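Number of protein chains: 4
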Amino acid sequence: MAVKTYQEYIASLRQLKSTAYMFGEKIENVVDNPRIRGGINATGATYELATSEKYKDLLTTISPFTGERINRFTLPPQSIEDLVARVKINRLLGNYVGTCHQRCTGLDCLSALSIVTYDLDKKYGTHYYHRFLDFLKYMQRNDFTANASVTDVKGDRSLNPHEQPDQDLYLRVVERQKDGLIVRGAKVHQTGSLSSHELIVLPTRAMAKGDEEYAIAFAIPSDTKGVIHVVGRNSLDTREIEGVDCGNVRYSKYCPTVIYDNVLIPWERVFMCGEIDFSGELVNRFSAYHRQSHGGCKSGKIDVMTGAALMMMDYNGSAKVTHLREKVVDMIHKAETLYGCSLAASYEGRREPSGTYFINSILANASKIHEGKDMAECIRLLIDITGGYVADLPSDRDFQNPAIAGLLKKYFQGAAGFPMEKRIKMLRLVEKLAMESADSISDIHGGGSPQAHRLTILRESDLNSRKNFARRLAGIEE
Amino acid sequence: MAVKTYQEYIASLRQLKSTAYMFGEKIENVVDNPRIRGGINATGATYELATSEKYKDLLTTISPFTGERINRFTLPPQSIEDLVARVKINRLLGNYVGTCHQRCTGLDCLSALSIVTYDLDKKYGTHYYHRFLDFLKYMQRNDFTANASVTDVKGDRSLNPHEQPDQDLYLRVVERQKDGLIVRGAKVHQTGSLSSHELIVLPTRAMAKGDEEYAIAFAIPSDTKGVIHVVGRNSLDTREIEGVDCGNVRYSKYCPTVIYDNVLIPWERVFMCGEIDFSGELVNRFSAYHRQSHGGCKSGKIDVMTGAALMMMDYNGSAKVTHLREKVVDMIHKAETLYGCSLAASYEGRREPSGTYFINSILANASKIHEGKDMAECIRLLIDITGGYVADLPSDRDFQNPAIAGLLKKYFQGAAGFPMEKRIKMLRLVEKLAMESADSISDIHGGGSPQAHRLTILRESDLNSRKNFARRLAGIEE
Amino acid sequence: MAVKTYQEYIASLRQLKSTAYMFGEKIENVVDNPRIRGGINATGATYELATSEKYKDLLTTISPFTGERINRFTLPPQSIEDLVARVKINRLLGNYVGTCHQRCTGLDCLSALSIVTYDLDKKYGTHYYHRFLDFLKYMQRNDFTANASVTDVKGDRSLNPHEQPDQDLYLRVVERQKDGLIVRGAKVHQTGSLSSHELIVLPTRAMAKGDEEYAIAFAIPSDTKGVIHVVGRNSLDTREIEGVDCGNVRYSKYCPTVIYDNVLIPWERVFMCGEIDFSGELVNRFSAYHRQSHGGCKSGKIDVMTGAALMMMDYNGSAKVTHLREKVVDMIHKAETLYGCSLAASYEGRREPSGTYFINSILANASKIHEGKDMAECIRLLIDITGGYVADLPSDRDFQNPAIAGLLKKYFQGAAGFPMEKRIKMLRLVEKLAMESADSISDIHGGGSPQAHRLTILRESDLNSRKNFARRLAGIEE
Amino acid sequence: MAVKTYQEYIASLRQLKSTAYMFGEKIENVVDNPRIRGGINATGATYELATSEKYKDLLTTISPFTGERINRFTLPPQSIEDLVARVKINRLLGNYVGTCHQRCTGLDCLSALSIVTYDLDKKYGTHYYHRFLDFLKYMQRNDFTANASVTDVKGDRSLNPHEQPDQDLYLRVVERQKDGLIVRGAKVHQTGSLSSHELIVLPTRAMAKGDEEYAIAFAIPSDTKGVIHVVGRNSLDTREIEGVDCGNVRYSKYCPTVIYDNVLIPWERVFMCGEIDFSGELVNRFSAYHRQSHGGCKSGKIDVMTGAALMMMDYNGSAKVTHLREKVVDMIHKAETLYGCSLAASYEGRREPSGTYFINSILANASKIHEGKDMAECIRLLIDITGGYVADLPSDRDFQNPAIAGLLKKYFQGAAGFPMEKRIKMLRLVEKLAMESADSISDIHGGGSPQAHRLTILRESDLNSRKNFARRLAGIEE
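Chains as they are written, first to last, in this note's numbering: chain A, 1 to 478; chain B, 479 to 956; chain C, 957 to 1434; chain D, 1435 to 1912.
Some hints here could point you the wrong way.
[Said to hold, decoys possible] Computed cross-link-like contacts, DSS-like style, restricted to lysine-lysine with a CA-CA straight-line distance of at most 25 Å:
1. K1365/C to K504/B
2. K1843/D to K26/A
3. K1807/D to K1329/C
What the hints contain is simulated information worked out from the structure, not anything from laboratory work. In this text the structure is predicted, and so the values were computed from the model without any measurement.
Between the sequences and the hints, there should be enough to build the whole structure, so can you do that?
Below you can see the structure in the form of structure tokens.
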């Protein structure tokens, strides 16, 4: 059956032979690595809920491409309803995992490719769309997760790709062979790359003349020869390795740097190759979808933060304090703003020539601009409500040390009626929500930098109409 | 035909014999009074566009109650499509009149009554809904405009209605007669009351035991005996009276205090009378609809402000200045946020027992909370972009005074290629948009105070689910 | 005696024969013109308090130039104490007049000239400083008010002065004669120009090669032949003319456009002429002083707004409402921020070669950046606290109209214990504070645009030290 | 000599036999513990700079109590100059250590005690002030560091100390013995308690009748029998233990929970005992001083963040990008606001009866309110400017792993001209500045919660004067 369970997902990951490094060492068993497993579990939640009685109708649908029931995370949206479902599923998952579930980026790539390969073929008579459909059906039938390999390392930001002293600082074609392309480069912030079966590579920006070798899109298995995943440092990362003081007891996030060290890409997996005029189009489509996705998952994460804030008010005996309740309202308002703009972007979507539905980009970016400021503000509010023990909380190991356990348990008791242990666990969750870097940096830089969102809004808005409204009311005849 | 033209609307207003005062004098000819006419014209735009080739399909529809084509401003929403149309029509009108068009409040009353009178009858076996439907059909067949008489003067805010030293500070029933009720009280900020054929009175708040005489809803013609409209002062109001330096050359706004000085309300126009448990429900429904309306018209007004800002950049020779362009992005972002949340509130609406569709109240209030801060910020940005001549611009009369006209024309020339006269007109429009009080105060207090919007969000949000999300992730067993 | 009383000030203004226009007509009697008189009275407060028992010690001091007691508004600061006194006096006056007192700009010009003419002479061997001292002593002995004629009309903002199609869009020398210069141009937003005895002209910006004729500074009597004052429109201007509904019953503000139509400037009044390298220096010094001044007067105005908010809470019966009290805290915090940064700028001042003390420009601009956002926010908060009657309040003439006076008085009663009349007066003051344009536009554009304040901070800050701090802590060896 | 060098400070700490636990284990060697040593070094910087050629004049002065040269961190301010020096020294130290230097709290306790013990004796005829002076001279002669033991664990926030089910949740006297008091309780967020020679205990709040046993102040050595330091978890704590990826290569922060488990306090070290009416006074004085301190050190930390942002712009090749430069301006503006308000609070200080100078509390709190929002915003801006590698940066150990070192070095090269290694180090510093919890939580909760700062401003402001200003201008006669 096309819809995998959580167990089947885990089993499928065990088949992969990825090359991965972390903290100076090679990771031999990725799936059971405690630093990685929280991330795998977060993606696993998309499998778990899709096969749960309660949510299977929301998370699965029938594919018009395979005719089978599939997980929605493998389906480019074919209707307004599909667009809306994306946001609602993402909010649900945000509520469920309290961090990034890491499966949206692959879908955002599939969705962008389903539009652009079609348009590209129309213009150039190429055959990318057909190749893409084959890949899509493969993904659907296997219920695979893909990772979005988009962000290049970029070197000197003031130079175009081909102007860089080192030509590989944007991923590029270094050789064309009979059976495929050889590519070289590195993609960074590769959320969940080791939880993914496939890597989908898109260019990170619009390309200009001279950058033809960089205008490339393709997909390959995440354990392809020459692909190296380097898991970097995050705040709180060693907690998972030690297995203590984790805060979120089930889920986590990691985002490797993925190096493509002379990797062979078979021709049937190449979806763009040299068409510089579609490079910007492809990354813009991807980014717009991804910004819409965030409106769901990040509002869902604020819900968790709001719940944690409310619990801390209970545990601290401050549930009725007016200014804290006002801060809860601020948090809710921010969540609903992200969600509302993202929903509106979906309902106001439109059909593209290939049949895929695209969102309203202005409204999706409106949501993302709020995210870039409001998530940080929600964290600040959560800290304000919780109190100083967002830092400095003794370790669970201290609570287990007989020399001081009794004293700690005595002094960490909060409001009567709530066991001290629950309060400690919630404080630890708050620390995770407030101070973990892997997820929170994406509030700001996920889906492009804040400035990219602003430029998109400016570019997509009809400025001339606005000028005309003003002229007419001012009594200025044109 | 049920859909009136602008001319028919004006003609119908001329039939009214309203009692009105302004600036110490009685207004004898309301329709041609230059201070009032701009407001009438703004409402008139809803008639003009509904009978225009371009917009008639958007602004009119077939009534399920009369079977005739009607102006949408007389139809409580019967579908999600109707809810969405409200927002889009309001944005269009915001673009078209650059101020409040003043016809949404009546529709918001009709919509609220169409839900609550039905529910009320269900509970109490009363017959309000039938009466209301008769009134609704009357409004539709005549394409009448109604005014929302909601906000009472309130006296001492810390006291309930019946606790006030003067019992009339909330409108109330003072006598029940055979042919109807006698009511007394005063409603304030009555946007467009003299541009309306009917006044619809709703209670301004939830009522408690002892406040039965205040839990009242009804409709009467705006020129009913005993109804007195007192048009108050607004910034810039004398410009219209002098007919000079108006800024917005077509449209304006006014909001009288309307006194009900022992007015007889025929029984067939009474829609609630004493049912205190539905009083809060009625005003909450009205307010939620009204907050949704604002998401459309106010984003439309920001569009006009954005257009004015862009034109000023052209006229000043600062079109390419980066920080000004960033401020334009801020304005657009705020407009799209109001609009996006309001649209989402519509798409996420639901059918009520009477068949009327109600919006998602959390999302509508999310939009309104932004309005309460963001409109003021847009004004600030507009002033920043425009420059100091938002104040202190010489009068058109100075530009016509031969003694100095030549000098003024010389010195007010901006960037080459743009006639000085256009720049002056646009500066005047900016002054109107930035410094006019009748409309801008409603950004903050329209549809209830900012705190009311916040309390609504808190009341309507599911806090327990959020707590549960956090508990599960913290590993707290319930 | 050198320190004039309010009456002597008024009498001295009556001696002037200024050429002034307003609303299409010539003003024959400036001093008694009701639109102008409120502004004159605001400046008059600087005379009134300087001769009052309570404040004379604060507002006067002994001049080191004349040896006589003088009004501090004629003394370039000669010590840290003098710098601090500026801020405290301005806050006091903000409290006292509730608007701009309009006398600081002249002092800011004197202060800037006292530094720059000295430095200029040092470099070029010119004799401007001596001329300036003569003028300064003249101002001190007569206790005259001066106006800062700085802001040019500017034409196309993207062009330098000499590049403008019309060469007069920045004020310039058109002819050099034996007895002086002939100048032409127009200065805008000339706060209190008709309440001033003298006009001090400074260049509005740094000048580049080719702009020599624009690098000019001088002083002349405000009624000099060829000087034309055109009083423009403000949002509430006709209230003063009608003498009704004024809000602030004593004080107001006006800011004419002042045209220099071939005006002769005697050589002894010329303080700079062609030295383009000191042009930017002069306007920067002026602006920095002026931004420091704002930190005093505008915090003083917020005090008035805060007081009005608190009174409205009393009158409305909402004195104990928590969220309103929080908004009052926000207002106070903003006032203290403006004040604190401006005070710090004074205490951290330093002696310049001429002996004049200059403020810390970074801290003065830090204050002004807050003003540019926070005054608008204070207005918004004031409106939020007050309620909807910031607009639409019936005219005092309606309250005097026997036909409706009784009804209005009945319905406008607020909390018991406060006469209705006081509530109406306070509501009117709130309208003035919130919606009057002459003063509030200066919150944003006074002392240069918000972007100018930001650029100043960036230019004056030591970025290299900050880089070095970071490098050392990162362990980067240089 | 009274002024210790860094080496002497370290040697003196080695004399202490503190009882300390961390991560489930007892710490045997505190001084050389890598998690603690960064914090000790931060405090050590106050010794290092006080004995440096460049800064010794700023950081030392002659004590009026001992007649000897002392480190200013042992002197309650005796003049306005002393108050100002506090802020400037704190900014310098913020620049120097890039985190909390952890020595200000002890001085803030000394300063508060020097006022309150004097006033207390005046009222009650007690002899606390004399005892305090002896202690103060002891601190000065030994150049000791003290820790502020103020914040209790608090249990149920809605209950007063003596109402708590467990009577020890605020520190209290449990027995009075001949040679002193026995106390029990726990103080939390004890910044630098193991870097301090002495602990100074103050009550954490105003006390009411019934709370007499909680109104207690005293000082004891940090290694007194019964005192247990439990170092809790912070977001990046294991980096220091591993000795890798630390970011700030020299300094860090830690804040134990300190338990007082039946500790004997000799009478000569007791500075308050039961005088509930001075309890609030004591903590308010301490808090006000501490908020003033933050205005210096936190602006100094923003300087470091600004420097890091500027360096990242260089390394990324984005030094000229306009919107990034604007964000740098925002950061500078926030630093100067904290600093300006804190400086003004100092310059506007006043002499208390004991001779100690106290700051202007409104202005100190104005600074702190900004800190509570602006530090978080600066972090957000720093992340925005830096880019996504604030998270996910490979470990230094990966850069040393031969299997991938070459690839990583290739791909992490930024703008030409800057060695890759420097960029990595700076990225690591940014991670530390942005994501470290021990210091950043104090931005929000240090010196009391944000709401405490707001209530202080409201309580200290003269609301009646403000009301009178408004009444006078509205024309309301009293």
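Going through the hints against the structure:
{"no.": "1", "hint": "K1365/C to K504/B", "verdict": "holds (18 Å)"}
{"no.": "2", "hint": "K1843/D to K26/A", "verdict": "holds (18 Å)"}
{"no.": "3", "hint": "K1807/D to K1329/C", "verdict": "holds (16 Å)"}
Hint compliance for this structure: no hint is broken.
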